[in-house]
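FYI, the numbering for the sequence shown is -29 to -1, 1 to 360, going by mature numbering (1 follows the signal peptide of the UniProt record, and there is no 0).
The hints are simulated quantities; they were obtained by calculation from the structure and are not laboratory data. Incorrect hints may have been included.
Distance condition first, Cα-Cα at most 30 Å in a straight line; then the derived DSS-like pairs of lysine-lysine [unchecked claim]:
1. 192 to 119
2. 111 to 79
3. 279 to 119
4. 111 to 178
5. 111 to 182
6. 239 to 212
Label pairs and their calculated CB-CB ranges [to be verified]:
7. 298 to 265: 32 to 38 Å
8. 247 to 177: 37 to 43 Å
9. 28 to 177: 27 to 33 Å
10. 178 to 28: 53 to 59 Å
11. 212 to 298: 23 to 29 Å
12. 326 to 243: 54 to 60 Å
13. 255 to 177: 23 to 29 Å
14. 203 to 163: 16 to 22 Å
Note that beta-carbon positions come from the ideal geometry of N, C-alpha and C, so glycine has one too.
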Amino acid sequence: MNQALKTTIRLGMTASVLIALTLPLTAHAADKVQVYETYQDEVKGIELYSVSQLNGDHFDAAVIARQADGSYAKWQEPFHSFVQDGSGLLRLSGYDDPEQSYVYDVKKETIIRKTPYTVSPDGKWGYLERSRYLFVPGVKPYSGHVAKIRDYYLKNMQTRAVSIYNSTERRFDAFWLNGHTLLENGYLETTKQNVIRTYDPATGERKELLKGSLYNWNRAKGILLYVKNEPQRLPWIYDLKTGTSRLLDGNSEMKALFPYTTPPLVSKLPQELAVNELPVIQVPVLQENEYFVNVDGTSVGIPAAFAKEGVTWLPVKPLAAALGWNLRLQPQKSSYKAADYRYELTGSSASLVLTPSNSFITGGRMYLTREQLKLLGYSSIVLTPNMDY
């Protein structure tokens, strides 16, 4: 994969939805099916299309599958689109929500609710980015604001331990360079500059390569395209093997070293189909739990658990359902719930109050700690990873 800028991946992951929502209605013929992504396996006879179609004043989006008899049907709600990202799975939805991410496993022909990590080339580490929103109180005379926080997760694929290794409001990107080395690019608060560096999750070692911003890279050739932190913003080539830089020799070299090619869509889908009239097929949906937590002898499957700065966070919702907790939102001063929420969590023998200062929320999901479970009266909390996940 020569193109590494994450913007390309992000655009691909959302194109099937965004294009349908943002293009003017006149851009589509009234009955033309717009195909945004395809997946075909002739050996297994799998033929899938992520499409939309203008229907009056709105678009019908769907995943369409060719049946064994040659007819077409669409997947059930709410699965309207998919994208291929090179992981061997088709990503469907829920990228910012650790409890609501869905992928399609083409081998099992099943939709699976799980966390889709991008695994390192050597298979030893997984990487994941999620964003969340946090109310940041202001310092007088300034008022508070809602900040978009980007969290970057790493998963040790041998131990299955997951941790947030970086959180920032600033621009930050990371890509697997080789083995399990991450190539990082972002703003460094300590130096007040954009930097490009490498990070080894196995050792925690970082190495600064350049002061600048990454524009592109070519993994096969081991080169980066970047600009220095200077007004001219000239394009430079950095050789990862030699550690040397030189100016890019014009657009022709840019195209030669960093070709942007999108595989053509191969669609066998008849254009006369009416998406809203297609029959619905029910694709099996399974939940895969990343962890199991045993609380005083009761085993609970949980979709996610992770550590941040040495503190392990566990999801409230599945624990509450399994252990019979009651969760109640108390009255608050602000109309913005995330600013000063207070949830009273009541267990069988004790209760506690969860606030922004002692809980963690991402993807609209609340997390608490082992210590808080003990405050609820539990004594034994054992977290076990799903080694098949």
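Unmet hints by their number, sorted upward, for this structure: 1, 2, 4, 5, 6, 7, 8, 9, 11, 13
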